[in-house]
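**Q** The primary structure of each chain is shown beneath.
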Amino acid sequence: MIEDIIKVSLVTGFLALDTKQVGNFQISLPVISGGIIGWILSGVEGAYTGFFIGGFISLLWLNLLPIGTNIPPDSCIAGCVAVSLSSFLIESIKIDQKIAVVISILIGVSFGFISRWLEVYIREFNVRLSKIAEFYSSRGNVALINLINLIAILIAFLKGFIVSFSGIYLSINILPKIIPTLPYQLLNGIRNTYFLLLPIGLANVLYMFMTKKFTSQFFISFFLAFILFFAFEFSPYRLLVISLVAGVILSFIYIPEEKKI
Amino acid sequence: MIKKRDLVFIIIKSFFIDTLWNFRKFQNVGFLYVILPAIKRLYPKGIKRALAMKRHIKYFNTHPYMANSIIGVVVNTEEKKSSNNGNSIETDKLKSNMMGPFAALGDSFFSSTWKPFLVLVLIAFIFTTSNISMMVFACVFFLIFFNIPHLFVRIVGFIEGYRKGFEVIQEIRQLDIQGLVTKIKFVGIIFLGTLLAVIFLEGKIEIMGFKILTNFLLIGVTFIYAVLLNLRISTTVVFAMTLVVSVVLSYLM
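Here the protein sequences line up with chains A and B, keeping their order.
The opening residue of the first sequence carries number 1 in my numbering; numbering runs sequentially from there.
The opening residue of the second sequence carries number 1 in my numbering; numbering runs sequentially from there.
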């Protein structure tokens with residue numbers, strides 16, 4: 001098991017670099033990184049859980065942007081810890097998958113905040129590295145600038161690795177002892193939360209996209225989809241594709257061109 | 001003169017601009033790290049190189065994708081400066097004038113609109129299918145659609161900035177980014193309307209045999225959550241509140 005935790009933490013460390021330090025290709029988006037981690041741990045079944053947990057965490061903090069000095073919680077670490085933990089919990093103590101998912105998300109989210117807290121310290125440490133870089137740059141030392149950048153990448157990787165390793169390791173050693181002792185009502189309450197994860201995530205997107213200007217369009221699309229689903233038995237997949245195409249066409253018809261930013 | 005190879009190196013290094021992000025001067029070291037190939041070529045050794053490095057390790061902060069256009073303009077200016085054809089424009093002023101508007105542009109398009117929209121579409125297709133191949137396909141699609149404009153802005157932004165210098169600012173100003181943002185949000189809201197109508201219907205959630213009733217309940221709950229978020233309650237708090245309420249209700253029922 002320890003080998004699996006190390007393997008997953010190494011992958012998480014690499015994936016987490018994409019959040020800020022290297023590239024920003026969005027491989028670190030929890031829905032993608034969660035799917036990868038789930039697949040590594042439990043194959044196809046794990047990938048399913050990974051996509052679900054990662055999907056929820058992606059939506060949960062979608063509105064928090066890293067603008068200026070603002071640092072949002074680390075969604076990549078949160079997703080990877082949650083997916084790994086749920087996989088280990090389901091295998092080790094055979095609890096209901098829904099309970100495992102909610103508990104894992106809870107722990108993952110906490111470690112997402114811990115990772116953010118550490119990120120603040122790393123950026124403060126980067127101030128020192130920056131001062132060293134400034135000193136040596138005034139002497140024309142190119143090699144040191146490259147070395148300092150490499151050190152910064154290494155520190156960021158270690159942060160991802162250590163946070164995810166400690167998160168998974170501690171949780172799988174503590175939770176199997178606690179969960180079986182929890183009362184039925186508490187577990188049932190946790191289980192019911194599972195059904196409300198998607199509404200929370202979708203509400204966040206609704207909050208981000210909804211403007212007074214587009215309220216009518218939202219409800220027209222909502223009721224139209226309802227009618228097409230019930231009266232004409234359109235499949236959800238078909239409806240989603242239709243709405244996407246219709247949305248693109250309508251946007252060109254109804255949104256006027258603006259000349260300048 | 002800067003060679004093509006240097007320009008390629010600069011583009012590759014630009015993916016590391018945020019590596020040493022710090023609270024004092026933000027992307028200062030990242031900026032210098034990116035333009036080092038140009039500095040090395042233009043100022044082979046000595047005091048000139050040191051001065052150029054010192055010039056470019058000052059405060060810098062912008063959206064990482066949009067930084068490349070600024071880097072392109074700066075490399076262009078440095079090249080002119082080194083061959084003594086340069087005018088008196090200070091690169092410091094140039095950078096500080098460009099980074100604010102470019103950051104706003106990047107944040108408004110990439111972070112607030114394009115990414116959330118694509119995540120919404122990705123999640124929609126993942127949550128309405130049980131086919132793992134379709135899920136993987138949706139992820140690949142997301143990565144392709146996100147990274148096409150991302151890489152375009154990085155690569156073309158740098159090349160145009162280098163080729164045209166200051167003119168690139170005027171060209172970017174002429175782009176209707178705000179109109180594009182409005183269009184994407186319009187498509188997003190139509191898509192979200194459809195998604196909310198069908199996502200819970202397709203699910204296998206059933207409470208006491210009343211599947212449809214549960215679906216309406218979940219749609220209603222989504223709207224309540226949206227109202228809570230509108231009241232500036234964070235999503236994490238909403239999640240924690242949901243957990244607490246579920247447990248309390250479980251004890252009461």
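Just so you know, not all the hints are guaranteed correct.
The calculated SDA-like cross-link candidates involving lysine to any residue, where the alpha carbons are at most 25 angstroms apart (straight line), are [said to hold, decoys possible]: (1) K40/B x N188/A; (2) K115/B x E134/A; (3) K58/B x I71/A; (4) K183/B x L224/A; (5) K54/B x I12/B; (6) K4/B x R55/B; (7) K45/B x P66/A; (8) K54/B x F252/A; (9) K115/B x K80/B; (10) K3/B x G23/A; (11) K13/B x L224/A; (12) K98/A x V248/B; (13) K213/A x D107/B; (14) K58/B x L224/A; (15) K13/B x I155/A; (16) K45/B x N61/B.
Calculated from the structure, these hints are not laboratory results.
**Q** Taking the numbered hints from earlier one at a time, note which ones the structure violates and give those numbers from smallest to largest.
**A** Those not satisfied are hints 1, 2, 7, 8, 9, 11, 14 and 16.
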